[in-house]
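Chemist: Sequence:
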Amino acid sequence: MKKLFITIVILGAIGYGIYYFGTNVASDKLLDSASTELENSGQINDLKAYIESDPELSRMIKEAESADESTLPFTSKGEATRVLIKKVGITKLQEVQSQVQNGTASKDEVLQVLNEKLTDEEMLALQVIAYKEIYKK
Numbered sequence: 000m001k002k003l004f005i006t007i008v009i010l011g012a013i014g015y016g017i018y019y020f021g022t023n024v025a026s027d028k029l030l031d032s033a034s035t036e037l038e039n040s041g042q043i044n045d046l047k048a049y050i051e052s053d054p055e056l057s058r059m060i061k062e063a064e065s066a067d068e069s070t071l072p073f074t075s076k077g078e079a080t081r082v083l084i085k086k087v088g089i090t091k092l093q094e095v096q097s098q099v100q101n102g103t104a105s106k107d108e109v110l111q112v113l114n115e116k117l118t119d120e121e122m123l124a125l126q127v128i129a130y131k132e133i134y135k136k
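Residue numbers for the sequence shown follow numbering that gives the first Met the number 0, so the first one is 0 and each next one is one higher.
Hints were generated in silico from the structure; no laboratory data involved.
Everything numeric in this text was worked out from a predicted model, so none of it was measured.
Each hint should be verified, as a subset may be incorrect.
[As the list claims (entries may be wrong)] Keeping only pairs whose Cα atoms sit at most 27 Å apart, straight-line, the calculated BS3-like set for lysine-lysine is:
(1) Lys76 - Lys131
(2) Lys47 - Lys61
(3) Lys61 - Lys76
(4) Lys106 - Lys116
(5) Lys61 - Lys86
(6) Lys91 - Lys116
(7) Lys116 - Lys61
(8) Lys91 - Lys76
(9) Lys131 - Lys106
(10) Lys106 - Lys85
(11) Lys86 - Lys76
(12) Lys135 - Lys61
My request is simple: use the sequences and hints to build the entire structure.
Modeler: Here you go:
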């Protein structure tokens, strides 16, 4: 019985380690890939222009630019990924991603999903991370 308990604890620790470090690696690769693709295709300038022409997105970027990072619940892409997976769920995230890629989800629908699941502080933390990625700050 003692060996079974020890085995379960060890497997649990290994699983947590894989989850923790796996989300860091996955989020870094995903965002780096997306950033590189946007830059290489020239779409990063289109994205910046779209953000600057949309009053709501422009406001969100200005909030992110002036945010005090020491008060945010997370500041890294890995932490953001874990929070999104935990609060929104991987299935819902994949569904939203698919809808955005197909052009069937609007900006407001995506923001609604995030606002329903995340706190204001978590949303601000995501805005800061997005700001840093888009504007390479």
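Chemist: Against each hint, give a clear statement of whether it holds in the structure.
Modeler: Outcome of the hint check:
1. This hinted pair checks out: lysine 76 and lysine 131 have alpha carbons roughly 10 Å apart, not beyond 27 Å.
2. Between lysine 47 and lysine 61, the direct Cα distance comes to roughly 13 Å. Compliance with the 27 Å bound is thereby established for this hinted pair.
3. Taking the CA atoms of lysine 61 and lysine 76, the gap is about 20 Å. The hint holds against a cut of 27 Å.
4. Our distance criterion of 27 Å between C-alpha atoms is met by lysine 106 and lysine 116, whose separation comes to about 16 Å.
5. With a C-alpha separation of about 25 Å, the suggested pair lysine 61 and lysine 86 falls inside the 27 Å cut-off, and the hint holds.
6. Annotation: proposed proximity of lysine 91 to lysine 116 holds, straight-line Cα distance about 11 Å (limit 27 Å).
7. Distance check on the hinted pair: lysine 116 and lysine 61 sit about 22 Å apart at the alpha-carbon level, within 27 Å; holds.
8. Between lysine 91 and lysine 76, the direct Cα distance comes to roughly 19 Å. Compliance with the 27 Å bound is thereby established for this hinted pair.
9. In summary, the hint linking lysine 131 to lysine 106 is supported, as the alpha carbons are separated by about 20 Å, within the 27 Å threshold.
10. As the CA atoms of lysine 106 and lysine 85 are separated by approximately 22 Å, the hinted pair is consistent with the 27 Å bound.
11. At roughly 15 Å between alpha-carbon atoms, lysine 86 and lysine 76 fall within 27 Å of each other, so this suggested pair holds.
12. Restraint check for lysine 135 and lysine 61: the C-alpha separation of about 15 Å stays at or below 27 Å, so the hint holds.
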